[in-house]
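Each chain, written out:
There are 2 protein chains.
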Amino acid sequence: MKTIGIKQSGGSDQLYIMERDKPELGKGNLLIKVAATGVNRTDILTRERETDEPENVRLGVEVAGTVVEAHNDSPYSVGDRVMSLVNGGGYSEYVTIPSDRVMRIPDKLSFVEGAAISEVFATAYQTLFWIGRLEENETVLIHAGASGVGTAAIQLAKQLKNAHVIVTAGSKEKLDFCRNLGADVVINYKEEAFDEVILAETEGRGVNLILDFVGASYWEKNYNSIAMDGRWVLIGTLGGTKIPHFDIFSLMRKRIQLTGTGLTPRSDAYKAALSQELITKTKDLFENGTMKPIVDTTFDFEDVKKAHDYMEANKNTGKIILTL
Amino acid sequence: MKTIGIKQSGGSDQLYIMERDKPELGKGNLLIKVAATGVNRTDILTRERETDEPENVRLGVEVAGTVVEAHNDSPYSVGDRVMSLVNGGGYSEYVTIPSDRVMRIPDKLSFVEGAAISEVFATAYQTLFWIGRLEENETVLIHAGASGVGTAAIQLAKQLKNAHVIVTAGSKEKLDFCRNLGADVVINYKEEAFDEVILAETEGRGVNLILDFVGASYWEKNYNSIAMDGRWVLIGTLGGTKIPHFDIFSLMRKRIQLTGTGLTPRSDAYKAALSQELITKTKDLFENGTMKPIVDTTFDFEDVKKAHDYMEANKNTGKIILTL
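Keeping their order, the protein sequence lines are chains C and F. Residues 1 to 324 in this note's numbering are what the first sequence spells out, letter by letter. Residues 1 to 324 in this note's numbering are what the second sequence spells out, letter by letter.
In isolation and in its complexed conformation, chain C is listed as follows (with noise of 0.2 Å):
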C-alpha cells in the first residue's frame, strides 16, 4: 500500500510516498480503507525530530475511512464509516485501530469532515473539560483561534458550557470567522495588548481558564489575564518555552493550576475514553448542524508536501487534510 515516509529527519522535501506492507488485523481491530487524514503541526514536528531510523517514521494520527475488515469481536462491520486518532501511520491507505477508539462518522458529515474531528475536538475536549475543568458560563481565553484546535475550542466551550469565549488571532479574517463559530470577544494581538482588553472586559477579574498555544512569548501577559483559582493548560510552544524570571509565588497568590498537555503520546486507554466521550457528547450537535468540523484546505495525499508547507506558514483557518 501506498504511505508516506521521510528520507531522513528535516522540512517539508523530505516528505514522500513509498510503499510498504498492509497492515494486518489484530485482535479487537478494524482494517480501515483511509479516505482521508488529517495534517497536525504533531506531523512537523515528527518529520523534523532527529532520528537514526528515518524508515520507521510513521506520520499521520487521525484518519476517516471505511471499514474494510473486522475482527469478529469489534461492534463494528464492513463498510462502517469510521474516523478515529491513530498512533503514528496515519498518511496511508489503510491503517488498523483498535475498535473502542474509533467514532462512527455523524451521517451528514463526509469523510473529508470527518477527518477534521478525531485530533482537534479531541485535544480541545480534553484541555477544556479534563485538565481545564470549564464550568458553565465561565470565561475562556482562547490563543489562536482560528487554527484547528482553536476553532474547535470556540465550539466546544461555546456549545457545551455556555462559556464566555475570548480569543486571540492574527487577522480580522480569522476574528471574523472566531466570531461566527460562537467566540464573544475576539482579538488582533498583533493591533492590542491582550491582556489590558480581557481586563477590561471581565470588570478585572480575568479569565479562568487559557488554552495556551504559544508559551513564552505571552507568559506575562497570559499570567495578567488568569483569575483567581485560574486553570492555564499548555499545548503548543510556537512563542518558544524559556521563561527567564519565574518566581513560583506567582502560581500560589492567584492560586493558578498550570498544566502541560499533549494528546499524541497518551496511551491507548486514555484516547479511547476521551473518543468515546467526545462523541457521546458531540453527536447529536455535528448531526444537526450546530457544531462543524472546520477545514480549510484540501490536499491530494500526494501533494503532502504542500499541506506541510501551508501549515507552517500559519494560512490556515480550521484544518488542512489529505485526500487518497
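In short, the hints are calculated from the structure, not lab data. Honestly, I wouldn't trust all of these hints.
[To be verified] Residues of chain C clear of chain F, computed beta-carbon distances all greater than 12 Å:
no. : residue
1   : 112
2   : 176
3   : 188
4   : 224
5   : 247
[Unchecked claim] In silico lysine-lysine, DSS-like type, Cα no more than 30 Å apart, as pairs:
no. : chain 1 : residue 1 : chain 2 : residue 2
6   : F       : 221       : F       : 190
7   : C       : 33        : C       : 305
8   : F       : 108       : C       : 254
9   : F       : 221       : C       : 254
10  : F       : 172       : F       : 158
11  : F       : 22        : F       : 172
12  : C       : 254       : F       : 172
13  : F       : 305       : F       : 172
14  : F       : 22        : C       : 254
15  : F       : 190       : F       : 306
16  : C       : 242       : F       : 254
17  : F       : 254       : C       : 221
18  : F       : 306       : F       : 7
19  : F       : 254       : F       : 161
20  : F       : 221       : F       : 254
21  : F       : 33        : F       : 7
22  : F       : 306       : F       : 22
23  : F       : 306       : F       : 281
24  : F       : 2         : F       : 161
25  : C       : 292       : C       : 306
26  : C       : 161       : F       : 254
27  : F       : 221       : C       : 242
28  : F       : 242       : C       : 221
29  : F       : 242       : C       : 242
30  : F       : 158       : F       : 221
31  : C       : 292       : C       : 281
32  : C       : 281       : C       : 2
33  : F       : 221       : C       : 221
34  : F       : 33        : F       : 108
35  : C       : 254       : F       : 2
36  : C       : 7         : C       : 306
37  : C       : 158       : C       : 221
38  : C       : 281       : F       : 254
39  : C       : 158       : C       : 315
Here the structure is a predicted model, which is why all the values come from computation and not from measurement. C-beta atoms are modelled at their ideal positions from N, C-alpha and C, and glycine is treated no differently.
Use these hints to put chain F onto chain C, whose structure you have.
Structure of chain F alone, referenced to chain C:
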C-alpha cells in the same frame, strides 16, 4: 475579652495580650469560648506583613472550644464541643463562626487535640484530594513530613487511599515519627539526594503527587522525582520562590499539573465545604484512634511569643497549640 495583637509588624517581640470587645453573634453563627488555638506559619506571615493598621491585625486561623451562644437557625447547641477554621482572630477568648464551617470534636479527643485538626488536616485534605486528585495506591512525596500538615498528610494519604507514602525530613527522630504514622519510605534530606532515592524506590517511574512546602531550593529534585502525569502542589516556599531557568516544555514533557494553593484566603463557602467533607471522611478514624492529631507542644496563651519562636526554629513534630 483577651486577644493577641501586634504592636507593629515584625518579630515575635511585637506580640502582646490586649483587650477587645467580645464579638457579637450574627445570623447562622455560633459564639465559641475558645479552649485551645493552633499556631500556624500563616500567623507568622501575618505578624511580619507590613501594615499601616497594626491594631486591626487578627492572628490565629483555627480554634477548639465550647458553644456558648447559638443563633436559632444553627444545628449546634450551647455546650457542644467544636473545632473550626476561623478567618483570623483565633488567638482570642471568644470567636464567632458560621455554623456550616464548624466540626464536632470527636468524643475521644481533647480540646488541645481538636485545635490541632482544622488547619493542617483541611490543608492536607485539600492538597491531596481536591487539588492533587490522589488515587488509590498512588505514590505521594510529602516534604516536611514531621510538620503539622506533613503529619496530617501522611495519615490521610495512607488511610484514605492506601497510598505509597514517601517523606523527607531533617532528623532521624522526625523520620522515625513519620514512619510510625504510616510513611513507607523516609529520606533524610541532609544526608541523601531525595530524587535519587525516589527514582530507585519507584523503579524510575517517580511519584504521582508532590506536596511541596519548599519551592525553589528543591525545584530540580522535585522535577526529577515526579512521574508522567504527576501533580505537584505548591503550598509553601520555605526554600525560596525564584526559579532561574524555567522551561515550560519540562511541564509538557511530563504532562505535569503544577498548582499553587493556600487555605487561609479561601472563601467561606470553600472552607465550609472542605471542613464538612474532611470530618465526614475522618470522624470514625479519629474516634477509633486510627487517625491522630499530632500535638508537639502546648503553650499558655500568655506565652505566644515562645510558641512563635519555637515554630520559627523548626523544632516541632506536629502542632503547636496555645491553651486558654
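Violated constraints from the hint list, given by number and in increasing order:
The structure breaks hints 5, 8, 11, 12, 14, 23, 24, 32, 35; every other hint is satisfied.
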